[in-house]
Each structure stands twice: as structure tokens, then as C-alpha cells.
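Novice: Chains as they are written, first to last, in my numbering: chain E, 5 to 354; chain R, 5 to 354; chain V, 5 to 354; chain Y, 5 to 354.
Treat the hints loosely; a few may be bogus.
Which copy is meant is left open, because identical chains are indistinguishable; a pair holds if it fits in one copy or across any two.
[Unchecked claim] Listed below are the simulated SDA-like cross-link pairs for lysine to any residue, each with C-alpha atoms no more than 20 Å apart in a straight line: (1) 205 x 112; (2) 205 x 174; (3) 311 x 28; (4) 311 x 206; (5) 205 x 175; (6) 201 x 175; (7) 74 x 84; (8) 201 x 144; (9) 74 x 36; (10) 205 x 143; (11) 201 x 235.
What the hints contain is simulated information worked out from the structure, not anything from laboratory work.
Just so it is clear, the structure is predicted and the values come from calculations on it, not from any experiment.
Protein chains: 4
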Amino acid sequence: MLVVMKAQATPEQVQAVCDYIDQLGFRAHPLPGAQRTAIGITGNKGEFNRGNLEELSGVAEVIRVSKAYKLASRDVKEEDTIIRFAGSDATIGGRGVAVVAGPCSIESREQAFAIAESVAAAGAQFFRGGAYKPRTSPYAFQGLGLDALRIMAEIRDRFGLRIVTEAIDAHTLGLVAEWADVVQIGARNMQNFALLKLAGKLRKPVLIKRGLSATLEEFLMAAEYVMSEGNYQVILCERGVRTFADHARNTLDLSIIPAVRRLSHLPILVDPSHATGRRDSVLPMARAAVASGADGVMVEVHDHPEKALSDGPQSIYPEQFALMMDELAQIAPVVGRSLPRGIHIEAARA
Amino acid sequence: MLVVMKAQATPEQVQAVCDYIDQLGFRAHPLPGAQRTAIGITGNKGEFNRGNLEELSGVAEVIRVSKAYKLASRDVKEEDTIIRFAGSDATIGGRGVAVVAGPCSIESREQAFAIAESVAAAGAQFFRGGAYKPRTSPYAFQGLGLDALRIMAEIRDRFGLRIVTEAIDAHTLGLVAEWADVVQIGARNMQNFALLKLAGKLRKPVLIKRGLSATLEEFLMAAEYVMSEGNYQVILCERGVRTFADHARNTLDLSIIPAVRRLSHLPILVDPSHATGRRDSVLPMARAAVASGADGVMVEVHDHPEKALSDGPQSIYPEQFALMMDELAQIAPVVGRSLPRGIHIEAARA
Amino acid sequence: MLVVMKAQATPEQVQAVCDYIDQLGFRAHPLPGAQRTAIGITGNKGEFNRGNLEELSGVAEVIRVSKAYKLASRDVKEEDTIIRFAGSDATIGGRGVAVVAGPCSIESREQAFAIAESVAAAGAQFFRGGAYKPRTSPYAFQGLGLDALRIMAEIRDRFGLRIVTEAIDAHTLGLVAEWADVVQIGARNMQNFALLKLAGKLRKPVLIKRGLSATLEEFLMAAEYVMSEGNYQVILCERGVRTFADHARNTLDLSIIPAVRRLSHLPILVDPSHATGRRDSVLPMARAAVASGADGVMVEVHDHPEKALSDGPQSIYPEQFALMMDELAQIAPVVGRSLPRGIHIEAARA
Amino acid sequence: MLVVMKAQATPEQVQAVCDYIDQLGFRAHPLPGAQRTAIGITGNKGEFNRGNLEELSGVAEVIRVSKAYKLASRDVKEEDTIIRFAGSDATIGGRGVAVVAGPCSIESREQAFAIAESVAAAGAQFFRGGAYKPRTSPYAFQGLGLDALRIMAEIRDRFGLRIVTEAIDAHTLGLVAEWADVVQIGARNMQNFALLKLAGKLRKPVLIKRGLSATLEEFLMAAEYVMSEGNYQVILCERGVRTFADHARNTLDLSIIPAVRRLSHLPILVDPSHATGRRDSVLPMARAAVASGADGVMVEVHDHPEKALSDGPQSIYPEQFALMMDELAQIAPVVGRSLPRGIHIEAARA
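The shape of chain E in the complex, shown without the other chains (with noise of 0.2 Å):
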């Protein structure tokens, strides 16, 4: 913490805020300037309340130096954190670019194996899907629920691949936490701390998407919420933030990418269905993403998105979807990475 002077302040009231700081038990460096002095405050019992500071005379600014994230920090652990999966050699934040794909929200059998049959096929890892949606309108289709779970869990046994799904309240959390392999929290609950205590009690990953105006210190502390609790397996996940911009429906925060490097061992995935809304922006912002050093990609596909029961717009077609992962194959080895191909994505371009 820093408190700054205002120019005209007197020898007596920087002494008074020395004073003042001395007081509540931490240790007051007064720095004369050439205009104004500033006064450093170090100590080691907490959280400073800054309490009355500003209102001290003679105080222009009190400005925070530390962060408030502990364990998602790079202070505390160096390495990049790397999530792996039991029986799979999938991995969430190594060298590999992960990519998780599926439509929006299950809807029936039948579509949900469709689409994990062509996404496997081109080589994703990761089957998204939604059973439980947050949906703006209560009025607007809400999900399938434990049916859907049901599904995913068939989708994993059959194609090998690992679901990631929305919980939205404790009991939902609990029943993802059973039945899917990466329990998501939205974007619009990114700051439903309760939520991310209990999800903190899991032993399961948790994918935390950026809510639509969070800082990247906020994000952080979603993250340091869940970790606090004892569980470290944290997926962050960039999804566009809200601005006057219209072009999109959210603009897609790709600098969040190399500050969370600087910042975080955590890794961090990029949404850009949901950050651009428009199926045509889907692959140009997919690339973007992996060229800008994302861990990997979440897209929704969807074999008949004029039918899609939520976001058909943003969908891409399956024939999109092996279009991207091969072009990601090409980026991916510019920035040290690769994607996970062998058959898949030979079958795709076949």
C-alpha cells in the first residue's frame, strides 16, 4: 500500500499518517519527492483496511500494491500447472492444444452422438454439452438435465472422450461432479463465490469461464476461491468480455492470454462461439487463439444448427470443425505446441 501526499501537505500531517499507520500495527516509509512525499506501508498482519487513510488530511491517493492472489499466483508455484485425466492422455494446459467441442446443449441422443462421432473423428479430446443452461429468459429451453448427463457419460464410454459440462447450483454440482470429467462454472457465475466454495470441495477439474466484466485480477480470485477450498485442478477459460462494440456479441479478450502466462501457472483455454456469437468468426478467432498461446479451444459444433435449440447461429458444422483442427495443427507448432492427430484428423482431410 502507498499513500500519496497532496503537494501543500505539511511536515505535521505526513508525520500524523505515519503515525496513524505506526498505530495499527504496521511500518510507515515516508519518501519525500521533489513535488509530493509518499508513504509506504509494509507489515505483515493481513489485509491493510484503509479505513479513514483518504480521509486523513493532507492525503491525496492511497494506492494497493499487492495482489490478492496466493495460490493462483506464479509467486507461489512457478511450473505451469498441467491437468491430466485418469485412463486418457489428454491433457489440459501441457504441450498438447486441447480442444473441447459440442453443440450448445444436448437435445437428444441421437444429436449428441452425431456430433461426438464427427468431433472425435477430427480429433478433439473434449466433448462439451450443455444439461443445464443459464439461459437469460426463463421463458427460453432450459436443458435436459440428468438426461443429458446421462448421455455425455455414454458419449465418453463410446468415443473416449472427456465431457465438460455446466453445473449452475449446488445440487447440479454435485450431479456434473459424478457424472462429467470437467465440471464448468459460467461465466455469469464466475462471482457466485458459494458456488465456487463448493465447487473448491470437489476433486474433479474445474473449468471457471471469465464473467462478461471481470478484470483479470477478479478472474484470478474466481479461481483462488476454488483453490482455497484444496482443490488446485483449475481450467480458466477466456469467453469475450461486454463493450460498446457491436460487431460481436462480445469482444473476445485475446491479451488476457500472455497476462495470465506472466501472472498464473493456471492454464487457459478461449471460447470463441460465445465471444463472437457468429459462426463466421468462429475459426478466424480459434486461430488467433492458438497463435496467441491459448492451452487450447472450445467451440461449439452442431450438425444442424438451424435447429439448434440455443445458439444455432454461433454453431459451426462438423465439416468446419475438421477445417479448424487442421489449420490449429498448422499454428499450434509455431508456439512450441502440438495437437493431438494420428488418425483423426488424416480421416478428416481424407
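We have chain E already, so just place chains R, V and Y on it with the hints.
Specialist: Relative to chain E, chains R, V and Y alone:
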């Protein structure tokens, strides 16, 4: 819904779009213009799934026309909603200006009583105090919980103040509904749809704070979630949105007041404390709120803000609160309202 | 300037940063903390070039402390700046609330005179009207130019109103300075530094509208540009900023009023017409502006807004303007101000 | 234009709106819907002045449909615009990826030549360097002016690099057009319409940087201003927009790339240096830009960034630039492009 065709679209393309719309059971109305053709869509079949519409040949854009909220809309109910409380003449939404005041968090019985006494003396009709705190950091003070609810229930009995406090999950929702008079849903939970639905099953008024990046439509849709479950006693609360501006914690958006008036019958309060985060901005923004036509204000008051466990720098002193009440009482008549005063204000002024 | 070291930084790294700072002629003040060391930088040598500071081993972050504006700051001049006009008792920045009113564009002598008469009758002291219009589209009406300036000069002579109008480049700046009383720099030119410098060479008051995404510091730096050339008569004007919110054209940011008061001695007006873009929001926001402590308002008035060549939907009718004046006159005393009235208001009310 | 009526609007109100529209010489097309009636407006008479439309009884909303830009639109010209330079095979907008590189400011002949040599060696075809700097502070370094233009002209002769530099007013526009190959209009002047019109009279390519809060439509309208004066050689440049996010100086909005592709035929570059303000983010965002389909990148390179007179912290080192060129050369083929290489890249890699 309106489909805008590209300038170069052929008559065949226009026809194909019309056929597609008809086929889905809606009616297409082609509108040839000087440069482009637009196609209106009407019908009775619920939400139109844009599906592949934007992908059809020749289509430039699809524009949604109808609003998704219904119960919250003035289209459905023209007269203003007024929230009343049994055994009290305090209202939210009528001719009176509702004033909710109290500390950010209940810290102790002594602190809460001292503050309650001073705000009651100055004319407040509602007392606010956090029992369950949604804090950005898992390491920050999280509230006294049930003890705080009990203290506030005593305050109601003693000072006649109605109690407003926040619930953060299903469990605390039940407790708050039992002990308090108004159940608050915080800004970070404005799109926690699971919680909103549960709040809709209560028979207590629900105060919903605007999310940090919520559009007016999303804000009204949050109200719609509560109302769609049968609870029509909803109060909106503007508390600032997140923008690039850095001179206040958030940007208080008072222009939402006339917009809510136009579109909805629900009452709306303004919280200048959380919006600005600065004590010296609370009174100016409280005055502005009432002048803009808000139904009331919600402010943080603390007798020793320098010792507050949360939000000290934005809490005003009891004497500032009394001054604020005096100022609001003078502004209220300009907008055809009044502030409940009587002996309270007189005493505060003496 | 403050350098924050990483938690793992070694004493040698801290020393190397201190040496680097000293070498550049500044003084380094290491501040060992519980987790990290911070290093304060002081010195008399002008702006410190952060240069490679953030790149040195062990450095986590560099934080700038001192503000860049000087002449616009209260640090340099504590008392409020009041703009006065020869031969008039109208002021901007004193105890009176300044009211600037008129059409978006001067369309004809008849239109301008009719509107001027009605706003003068209601008590306005300043007349605004566009002569040179900065329009988003090159195909839109661009203003009557010099003819408009001549019409407004006649209006000054006839009604005693001081004239405020916008200049958009070097050429029109000279003309506006010659014919008008206050030279307006529009929001889109707030960082047209070449124009600001030229405005600094004038000896007429300059009104600077806040840019659509200007921070408070940038806003004050625009004023500093004008003042640094010797023209200290600067008036600020808040007119809404661009955010994601879509219920008004822009988001009026009234919380900048107390912030400007705190940091600067310059007067600040509020323009609710451009901020909201909606007639039904102008009066609520004008009232809120005065209640928040603004030095005045600037509003668009048109006698036939449906025929206006620009900004019709946000122009209020003369009778609404008279009502607004009446409302502002009631609110002004609450903030220790008054609205110039006399026969004008009385007439308007009668 | 589309008028949406309120749900309660009477047939008489609908008729009155239609009559009003007809009366203004346009054609009204009523579209009765299940809940509301909408009224389409068509006509050949230029921009419809919404005027009082929103004020007529029963009107809920007025929605604008047609876009204001014409010459910049793909509706008018379907094939991509390619900017060519006499005596050079460098293009902006074709199959090649254009790379513009150089220091923020020209500081001396030595500095400029050293940097030019290194970027030419690595394959850049364009050299950028500030001669006239639009600085936020009037006290900051403002550029070497004409001397800088002369140095850059020498660089063109010596290294075959085409010169891109910024003009800030009418005077410098003439000089830059005389000495340089591409005239840059900076972000802060994107809506300096007077300057745009003058740029439209030039016969040199004009590069327009996106304003910090410019929508895509406003960005294209800035291009339209230049084109409406007869200069069709316009290059767009995305350089980040202003949002609440604080981990980078601005938020780079790459999703504008596919949107520009869809709506306009003009080429678009990306400037990752100004967008992020951080050296460690420049390469990731440059890669992402090319992967997203941008026509090229514009980056700041400095051989001694710690001594740079402006923007040191965001300038990359020559060796980082060479690495970037190598990375971009690998990504370009994925989007059907190539990077001009030959001996340059080979040399840089060796």
C-alpha cells in the same frame, strides 16, 4: 424479427428467405426498399430461432424487435408497482422517497444498534446490513451470518426499521426470507438464475442489484425470472456499472432511471455508496438520484468507518447521513415526491 | 513512481534496480515488505522514462504516482476558477448555475431567433447553436458556417445571450473566436492536440467536451494543453461516455462532478441532451446534474424538433425548457447555488 | 427504418404513424404481429429524419436498418481493395502479409537508420516512425517534425522501405503527403472530420487507426469521409479499444477482422504495440492478428527501448522482430497468405 437483405440480393434469394420463414410456421412480409429489401417476421409461435437465417444466401443481418420480458413490462401492467410492508407506512415505489441505510456488514450488536439509532433518528425507514458477504477474496471477512440476522431482527423491533439484507445461495435465501423484510440479490448474482428462481418462490419483496455489465434488458429479465415464479414484489437497484472510467469505483448510470420508468412498472432505487466507492461522492450522487426520479436511495453509514471490516472508505458518517436526508427532503418535492420526516429530521437539524 | 518487485526477487535484483534508478539521476528508496520489496523513485528531473524498468530481473510491476496535469490541478490553484463575461453578470463557475441552451444546428435566422427568444425568456444566459457540425456521416448536414455565426451575433445583441459554438479546425477556430463568446471543442476533438494548442493562444473562454472514452486524467490533460499555451479560461463539459449500456445514446457519468471538484479548480457543465439522445431523459438528467454539484447545464432546445436538421429526438420543446428552469431553480439552493431568474422565470411560469 | 409500436397501440395510432411517414414522402408498411405492430419505412429520399417519430402516440421504438457507409461497403464493391506502391512489389491488402515496423518516434538519424536496417533485414516492407507526435501531455516530447520526415525519406532511398507516418493537422498533412508513402491518421483523430476531408483530397494512401471507442460503423464512416472526397486508397488499422480491462493498455479487438471482411472491401492491419502497451504481449498478438486474417501488422521496434523518448516499454527488440517475422511466415500460409521473405528472413535466422 426483421431480416435485412444485402443490396445485391436477388429476388430468388428474397423468395427463398420468405419460404424458409413460412415453413417454420411464421409469416414473412417482404419490404422492398430503395437499396435493399427487408423482410418482417410475425407470428404467434413463441421465440423465433434465428437458426440459419443469417446464413441464407443474400441475408445481411437479422434484427430482433420484440422484448423478452413480459411481466416486468409496462405493456402488461401500466400502473407503477408499490411495495408495501405490513404494520408500516413505509413503501418502495410510491410518492415517498424510500431510504435504506446501514453499515456494509453487521460487525457487532453495539455497532449495528448505534448506527440504526442514528439513521432512524434522521428519518430512514429501512436498515441494511450484511450478514452474508459475497467478497471478491476468499480471505476477506465473510459476515456474521445468522447472528447478524438476529441482531437486525432486534433492530426492527426496537426502531421500527424494515430490514434489507443479502442472500447468496439457497441456504441463506431461506434464512434471510425468514428474518428480514426484503431479500437482496447482489450484483454478482444478478444472473444467478437458480437463485432468482428460488427467490421467485418466496412471498417477500426481492431487491435485485444491477450486474456490473448488465444491460437494461438483462436487468429486467432478472426481475422476470423472479416474477415468472409468482413473486411480483420486485425492486430494482442501480449501483454503477463497469467502464473504463477510473475516478470512481464504478460508473453510476442514472440515465437508467427514466428508461426503467418508460419500460417497466417496477420501482428502482440507487446505491451511490457501491457505485462510487468514495465517501465524498455519496451525497452528490444521492441528491442526483432523487433529482433524476429514483424511488429512493440505499447508502452505507458507519459510525467508525476507519474501523469498518468492509467498505470503510465509502461509508458516510451519521452526521453526513442526517445532512443527506435534509438535502433529499428539499429535492423530493421538485419531482413530486416527499421524504418521510416528522420529528426525525427536525431532531437531526437541531 | 513505484517499482514492485516479485516475491522471489533476490537482494541482488533489488540492488540492481536501485542502481539503475540512481544511474539515471533519480533516487531509489527500497521498502522491504512482508512478501515483496517495493522501491520508491523520487527526483526533480522531469518525467521518468520507465524504459526498461519493467524488464529488469525480478521486477513485477511499475506504478506511476504523480499526475501529469499541473495548471489544471488544485495543487497549483486552490480557489475555483470563475469565467466572467464583459458587460454581463453571467458567469460560469461561480455561485450561479449557468444555463446554455439552443438548437443543435442553426438552421435559419427565424428558427434561431424563435428559440433564442424562448430560452432567454425562461432565464438562459447562454445560447448554443452549431455553425460547423462534426457529423459522423460525410453526407449529413454540415452546418451553415459563417452565416450561422452572424445570426448568433445578432442574437447576442438582441437578447443579451452569450454565444457558445463549436470550432472544428484551425480556420473555424479563428472565426468562432471572432464572433462568439465561448469557443467549444467537441468530444471528438478532445484529443485533437493541434486544435487544443491553437485554442490556447486565444483570449476567449474555451469549453472542452469530454471525449467518449476519456478518463478524468485525459480530460484534464486536454484542459492542460489549452492552459499550457496561456489561456486559463477553460470550462469542462461532461456529455456521456461510451459503454455497453444501450438504453441511452451514451452513459452520463455524473460521478465525475465531485471528482473534478476534488482535483481541479476548473468549472464543469453537463450536457444531458447529447449524453442521453432522448428527449424524455433530458430533464431528469439536467436536474441530477445540478443536484450533483455541476456548475451548469447545456441543453438542446428546438421549437419544431420533428423538422430539425440534426438531433431532433433529443431536443426539448421551449415549454419543457421553461419547466426545467423552474425545477433547477428549486434544486440549486440545496447545493448552495442559485439560478438567475428575475422576470424571466416569473414570465415563463405565468 | 422500422417503427415498433407499443403492445397497447390502437389501430388509429398505427394509422397516424403511417400517415406521418407518407406525408414526409416515404412509404409506410404496417406489419401486424402477434403482440405488436411494426411499421417498415422505405423510400428513395435520402436519410430519414426520425424527428418526432419516437414521440408519436403509441410508438415504442425506432430501429435504423440501413448502413450509412456506401463507398467503404462491399455492397458497392465486392472485390478486395489492394493498395499498391509504384516501384515496389509491396502491397497492403493482397495475398501478402504487410509488415510495418519502426520506432515510435524518430529520435535521430542514427537511431532511425539502425532500426530501419534491422527491420529491412528481417523482411519488413514498410517503415514507421513518428515525426509529429500527438501526446496526451503538452509537456512530453512532440517529435522532430520535418527533420524526421527527411530522415525517413533517406531511409526509403537506402533500404527500399515505404514510409508510413502520422499527420496531426492540415499543415503536417501536406508535409507528410509530400515526404511519405502512407499518411497515417491517428486514433485520437479518427473523428477529426476536417482532417479526414483534407486527407480525402490527397492522392496518397491513408491509414486510419481505429478510435479508442469507435464502433465498426464509425470506423467505416471515417474511411467514408476520406473516400467521399475521391481518395479510395484507405487502409484500416485496429489498435485496441478502451474497456474496463486493466491487464493491457487497451483491449485488442481481433473479432473486428472477420467483421470488416464481411462488410467492407478495405484492407485492415493490426497494431499490437499500441493495443497492449507491453513488449511481452506484442508477439502473441501479432501472431494472433495474422491467424485471424488481418492484412498485416504494424509494430514498434527499438534497438534501445530503455532510452526511447516515447513508448519504450512496448517496443520490441530487433531480434524479437526477426523472430516475429519467422513466426508470421509460418502462420500466413494457414490463411492463404505469404510473408515476403527471400534473403531477409534467411539472414535473420542464420
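Novice: A separate judgement is required for each hint: does it hold in the structure or not?
Specialist: These are the hints, each one checked on the structure:
Taking the closest pair of Cα atoms, residue 205 and residue 112 never come within 20 Å of each other, the shortest separation being 31 Å inside a single copy and 30 Å across copies. Proximity of residue 205 and residue 174 under a CA criterion of 20 Å is satisfied in both settings, with 11 Å inside one chain copy and 18 Å between copies. Taking the closest pair of Cα atoms, residue 311 and residue 28 come within 20 Å of each other only across two copies (10 Å); inside a single copy the shortest separation is 63 Å, beyond that limit. Taking the shortest alpha-carbon separations for residue 311 and residue 206, neither the intra-copy value of 36 Å nor the inter-copy value of 36 Å comes in at or below 20 Å.
For the identical chains of this complex, residue 205 and residue 175 are neighbours both inside a copy (14 Å) and across copies (17 Å), given an alpha-carbon limit of 20 Å. In this assembly of identical chains, residue 201 and residue 175 lie within 20 Å of each other by CA distance both inside one copy and across copies; the values are 14 Å within and 14 Å between. In this homomeric assembly, residue 74 and residue 84 come within 20 Å of each other (Cα to Cα) only inside a single copy, at 15 Å, whereas the closest approach across copies is 45 Å. In this homomeric assembly, residue 201 and residue 144 come within 20 Å of each other (Cα to Cα) only across copies, at 14 Å, whereas the closest approach inside a single copy is 28 Å.
In this homomeric assembly, residue 74 and residue 36 come within 20 Å of each other (Cα to Cα) only across copies, at 19 Å, whereas the closest approach inside a single copy is 31 Å. Proximity of residue 205 to residue 143 under the C-alpha cut-off of 20 Å is restricted to the inter-copy arrangement: shortest distance 16 Å between copies versus 33 Å within a copy. Only within a single protomer do residue 201 and residue 235 lie at most 20 Å apart by alpha-carbon distance; the minimum there is 10 Å, versus 29 Å between protomers.
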